[in-house]
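Trainee: The listed protein sequences derive, respectively, from chains A, B and C.
Going by the working numbering, the first residue of the first sequence is number 1, and it counts up by one from there.
Going by the working numbering, the first residue of the second sequence is number 1, and it counts up by one from there.
Going by the working numbering, the first residue of the third sequence is number 1, and it counts up by one from there.
Check the hints yourself; a few may be wrong.
As the list claims (entries may be wrong) - If you want a taste of the chain B side facing chain A, the calculated C-beta under 7 Å gives, among others:
| no. | residue |
| --- | --- |
| 1 | 51 |
| 2 | 155 |
| 3 | 297 |
| 4 | 299 |
| 5 | 318 |
| 6 | 321 |
| 7 | 325 |
Quick caveat, the hints were computed from the structure, so don't treat them as lab data.
Here a beta-carbon is modelled for each residue, glycine too, at the ideal position from N, C-alpha and C.
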Amino acid sequence: MPNISRAEVAHLASLARLAVTEDELTLFAGQLDVILTSVASVGEVAADDIPPTTHAVPLVNVFREDAARPCLTQQQALSGAPAAEDGRFRVPRILGEAS
Amino acid sequence: MTAVADLMDYEDVLARFDPVLGLEVHTELSTRTKMFCGCSTTFGAEQNTQVCPICLGLPGALPAVNGSAVESAIRIGLALNCEIAEWCRFARKNYFYPDMPKNFQTSQYDEPIAYNGYLDVELADGEVFRVLIERAHMEEDTGKSLHVGGATGRIHGAEYSLLDYNRAGVPLIEIVTKPITGTGARAPEVARAYVTALRDLLRALDVSDVRMDQGSLRCDANVSLMPHGATEFGTRTETKNVNSLRSVERAVRYEMCRQGAVLSGGGTVTQETRHYDESTQSTAAGRTKETAEDYRYFPEPDLVPIAPSREWVTELQATLPEMPAQRRKRVQTEWGLSDAELRDLVNIGAIDLITSTVDAGASPAEARSWWVSYLAQQANTRGVELADLPITPAQVARVAALVASKELTTNLARQVVDLVLAGEGEPDEVVAAHDLKVVSDDSALIAAVDAALAAQPDIAEKIRGGKLNAAGAIVGAVMKATKGQADPKRVKELVIERCQ
Amino acid sequence: MTDLTRLTAADLAARIQAREVSSVEVTQAHLDRIAEVDDRVHAFLHVSADRALNAARAVDEDVAAGREPASPLAGVPLAMKDVVVTEGVPTTVGSRMLRDWVPPYDATVTTRLLQAGIVILGKTNMDEFAMGSSTENSFYGPTHNPWDLDRVPGGSGGGSSAALAAFEAPLAIGTDTGGSIRQPGAVTGTVGVKPTYGGVSRYGLVAFSSSLDQAGPCARTVLDAALLHEVIGGHDPMDSTSIAEPVPAVVAAAREGMSGDLTGVRIGVVTDLSGGDGYQDGVLASFHAAVDTLRGLGAEIVDVRCPHFRYGLPAYYLIAPSECSSNLARFDAMRYGLRVGDGDGASAEEVMSATREAGFGAEVKRRIMIGTYALSSGYYDAYYGQAQKVRTLIRRDVESAFTSVDVLVSPTTPTTAFRLGERTDNPMSMYLADLCTIPASLAGIPAMSVPSGLAPDDNLPVGLQIMAPALREDRMYRIAAAYEVARDAAEGGPQIQRIPEWGVAVS
Ligand SMILES: [Mg+2]
Ligand SMILES: [Zn+2]
């Protein structure tokens, strides 16, 4: 059933923030098609009345007490930052508005 | 820059269209720690010092739900007359944005903790409008970005941005209304009244600071127009960045007029996110996205479902305080207010403040007097809501108590209030720091009275001659000499005493 | 003198406590071994010799002072898969994305190991972000199987399994999402255990697929794995999916099993995982021989059908990519890790996309895109939603099977170690390596691989997989230990010692 076009791969790549190359578009279009076709058999199982399993071990109501724990220091927080300034993470200009 | 939009006259909009509103309010909970980690939520800490592997989204970190936040969510749901889910989950809302450390927001999707409620909203003329609540769900806040370079310090034209994640992960409750119809001309007023009522309710529940100016209460306003008689809603816009109650009203009105102009000009309204600009009192479109958003929600696998027991829900129901509406009815009787007097108090948002001040020990008359006169003036001068003044009912009650025990005069009390408003600390700290106590030591006062009498012997003579009215001049001189820290009544008594 | 690198962890710990040997000597012997062979094996991405020797010294001081050992494994060296976060020690997850990342915190597993006095030698190679079955997806180059250096050591935890088989460490930590502990264990002739989901904290494991990931012990003997299991297992409030129950008594179970009697134990052979397309004859021969051995130990053997297991692989290849597409979104060049394409007015969005393109390898990108597709609106129900239902069906298969048997067995993987490069161009053929291990992952039940001799057709190791009900790890450890004793008795010594030497003299 799936038939993944290069355009669809490009759309997926943009949703996933991957600047894929032209060659990759072609490669991935082919591979995704094969993979998705072979996993599509999950649809063969008639499962309308089957509840989905999201957690292998069924737990509920796991809560943490509202008590403060030690934070990282500012230096630790920024230790991996590609760029920092004034105790903040420095990032390139942001084009879009938050969703 | 965005061109100024054409606006239709408000009356003309109403002549042709019915507005439909949808309001999404986000409130930051005042829990001690964040939604999914043990970092403190205190406002205003040094940047990136209230962060940990979890709220910074470091590889390997996992969330753990703050039980108090869940409790607050349920209490909010109950106060909004919602049903509380027997079973619900968190879900991931996937989208990339630099202020969001994991590039997904842990939120709730099709299984909110509370749903199907309502809030009765009282308008300025006393009419009650019922706003239906679609849902209230739990989620987490984002970090804050500072845009550097460019002319405006805004996102557009900035050279780069600086991120502080102290706010990332602070618990949020998002409260979404069902489409609000049937308001007609009162749409902007209903919007404002709803947010006001919600704010009062959240404050009564003591679950949030509800400070619109600090962002702990935020409103997104969805507005659309439909021609009279139409059965389908028009295309809506969502206006964000509405940071005050006044702006809620203005933003709705602006969008109605803007959309009215677009529609009557034969155009179509674009479904988009717009941003309210306080300075121009208008909305502007955000950058349009090339690709439609697809949040790819799925149940958060790092967290387990929440199944609040009915016993727990009943227990929490019992903890709900008196709701603002009931409270109004009660105080009207207790304080003997006319409908008009009550409405005046409601309209300036003073009822809860006054009752809280009374609860903190002040007499109803003193509490009312502080909030409706001196503090109302201060709020007016500052252009903020009464509730947003940086003084708490407890602090006002303390000042009133100091006046009642004659430790402060009314005059001194106002100075104390000014200093509290200036952020100098608690009333007692301010009194101590500025030495503002009434001079109650008679010997010091007698010395001042004697000095004043000696300085004005003719007046002293008149008083001795029985002209007690002349005492006023001496009292004035003593007050001046003691820099207003004396109790004028006591001074007068002493003047007469010393002249006998 | 005994070659310290050939001893079991239990033996080493005992000798350290008896002051026959110091932990520093044991640690140094393993560091020397790493220096000697790892240029050929490439099991390690990072060796922290100083830290290891300091930790060893602390244990020796405890012993000298007559203090109680911190754990039954105090002083024993361990190889840590590079997916587990270690404060102050690089954690790359086999990816270019985290090439220089030094975490400011420890995983719970790390903390527990350190508290137990276990000596962490360094971080082991793996398929990038644990996606793969051969370690060929590591940005830092593949690991080689010590049984045949031209073959893969399995994956994703091939570095950990190879380190054990090359005698570079007696213990290792792996993580298993669809088989990344068990399959490398099988193809290197070592023991690998995936505990019950929720049995070992996930806090500080760089997430691949949250609902499936589990850390677990890897060793050369069943008892060593059990000892390590008890160190790392147990409830952790930092992981909300962690089970608030005591760790199953696996050490006692392994010791019980070593008596060699399985009378009264009912073992189910999963017929759906024991033959058909893709199974190597030598693997099946080894498996049937292992089942015969179990029968010989007194176990009752029955055939069991698990009709939905065949949907496990497709369900897994929807669920794991879906979760990974979201889990890996945080690698965006803003807060840590690689950043490329900055400057010249590039926007955050452009830098994110360029960095993710450059920082992730082909398999990771492929899975992110499959996951993005499977979760997108319009496809969710048909893919992710349906896969989660399949998961329910597989769980039911397992539950019903465990009403009539104590454990289930199958081969761990359909073939022995394949050659490096053999499957890299064909993702689907690579995915088949996880065919037998995935059902237990989806069901959340514990499963382990124990070596079952060498395949008669290529003389390479084969693994016997044993699956048990949730939190009944004790059953599988008991059976595995009993089997191990019988296997070694039949073969005239531990299988692992038959590993060929490649020009390295055994002292
Ligand atoms: Mg939201
Ligand atoms: Zn935090």
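Trainee: Please go over all the hints and tell whether each is borne out by the structure.
Mentor: Against the structure, the hints:
Residue-level restraint check for residue 51 (chain B) holds (minimum Cβ-Cβ distance to chain A is 5 Å; threshold 7 Å). Interface restraint check for residue 155 (chain B): the shortest CB-CB distance to chain A comes to about 6 Å, inside 7 Å, so the restraint holds. A least Cβ separation of about 13 Å between residue 297 (chain B) and chain A goes past the 7 Å threshold, and the interface hint is therefore violated. With its C-beta approaching chain A no nearer than about 5 Å, residue 299 (chain B) sits inside the 7 Å limit, and its interface hint holds.
Contact between residue 318 (chain B) and chain A, as hinted, is not supported at the beta carbon level, the nearest pair being about 20 Å apart and thus beyond 7 Å. At about 20 Å, the closest approach between the beta carbon of residue 321 (chain B) and any beta carbon in chain A exceeds 7 Å, and the interface hint on this residue is violated. Residue-level restraint check for residue 325 (chain B) is violated (minimum Cβ-Cβ distance to chain A is 29 Å; threshold 7 Å).
Checked against the numbered hints above, the structure violates hints 3, 5, 6 and 7; every other hint is satisfied.
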